[in-house]
Amino acid sequence: MVATQWKDFRSKSWFIHHTASLARHFIKHFPRTLPLSQSRVPRDQTIVSLSHFRPNTWSRGLPPLNLSLIFRIFLLGVIGLTAQLCGYKGLKYTSPTLASALSNLIPAFTFILAIIFRMEKVALRSPSTMAKILGSLVSISGALIVVLYKGPIILSTSSPQPSPTTDSPMDSTSQTNWVLGGSLLAIEFLLVPIWYIVQTNIMKQYPAEFIVVFLYNLTGTLISTPICLLLEANLSSWKINCDITLIAIIYSGFFSTGLSSLVHTWGLHLKGPVYISIFKPLSIVVAAALSVIFLGDALYFGTVVGAVILSFGFYAVLWGKAKEEELTVVDFDDIRPPSNTKSPLLQSYKVKDEDNQNI
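Taken in order, the sequence shown gives residues 1 to 359; the numbers are from UniProt numbering.
One or more hints might be untrue.
As the list claims (entries may be wrong) - Cβ pair distances, simulated, as ranges:
1) K92 to I250: 20 to 26 Å
2) L318 to L180: 34 to 40 Å
3) I153 to F71: 48 to 54 Å
4) P64 to L229: 30 to 36 Å
5) K204 to P226: 27 to 33 Å
6) Q205 to S95: 39 to 45 Å
7) V179 to L124: 33 to 39 Å
8) E325 to F294: 41 to 47 Å
Unchecked claim - In silico SDA-like links for lysine to any residue, alpha-carbon gap of 25 Å or less:
9) K121 to A289
10) K121 to F312
11) K92 to F109
12) K121 to S311
Source of the hints: derived by calculation from the structure; they are not laboratory data.
Since this is a predicted model, take the numbers as computed values, not measurements.
Glycine included, C-beta positions come from ideal geometry on N, C-alpha and C.
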């Protein structure tokens, strides 16, 4: 059953993850250009997600929720909402380049927290552990190259425009805002690994993705509504026009908050936090590629080089995780009591299955 779920996860999650990456890439930028307050974006996203992901038939046959699980889901909502607000406010005071660069800290923070909470095995002499560590470092390096180095233009659909100069010194106010924004972004990318750890712990005790995601979005909506009212007292800013603003909110709420949260929860349940976090640097390359295709951005040499380096590190981590699972299966087979029959192992399982079907 788990193997079938994992095959479905590999085949279907790529489309969802890449689409959600475009939603995040777009939603991180549209508050700067559209008449929409950044404080209300998380609330609108959770409301849209709640309207599409309701646990009606998925709640059958599940154990009842206890106070401990409800508290953890509430904590999950607080962590997620705080991370989103810190991200939007931090981006307001800094730049998308700094946000993309700091987001590469997520795999490192996740790996450290997974070791602390004993969700990840570490054996420095093991090839699988070395592959995961080195692969994480290589993938982070590749993502940094994509963000910090452009190089010559390889493909461009429009005439290049002169970029604004950055050599002019910052005044004291701009420098203070830059430090404040960078601190908020660092807090966001520290809260995301904590969100992964808490979510993984919840899924071990209550393996119901739709229920957990619904309660998570419900918690985020209940908490974000009064916060948005305090941060944005001007009622005119709450008006939504039937234009690109409405489309952006619905799209980001459905894909980025809804489907992406569901895929992340499913992946955390099946593969753990470290495996999911390694996709974060890859999403930078995906967002850059989708920007070239759909938004008409230029394709730079640094993007291609960084993507190649990142892919090597990404597949090194995948190889390390696969090798670790193979060793776990071998260890489990070693402690299995010997069979009394002389038939091969696979054949004995086949006979067992046939007997169960006859019964």
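How the hints compare with the structure:
1. K92 to I250: 20 to 26 Å: holds, 23 Å
2. L318 to L180: 34 to 40 Å: At 37 Å between Cβs, range holds.
3. I153 to F71: 48 to 54 Å: holds, 52 Å
4. P64 to L229: 30 to 36 Å: Once the Cβ atoms are compared, 34 Å apart, the range 30 to 36 Å for L229 and P64 holds.
5. K204 to P226: 27 to 33 Å: holds, 32 Å
6. Q205 to S95: 39 to 45 Å: Holds, at about 40 Å.
7. V179 to L124: 33 to 39 Å: Check passed, 36 Å falls within 33 to 39 Å.
8. E325 to F294: 41 to 47 Å: Since E325 and F294 have Cβ atoms about 36 Å apart, the given range 41 to 47 Å is violated.
9. K121 to A289: Violated. K121 to A289 sits at ~34 Å, over the 25 Å cutoff.
10. K121 to F312: holds, 22 Å
11. K92 to F109: Holds. K92 to F109 sits at ~24 Å (cutoff 25 Å).
12. K121 to S311: This hinted pair holds, its Cα atoms lying about 23 Å apart.
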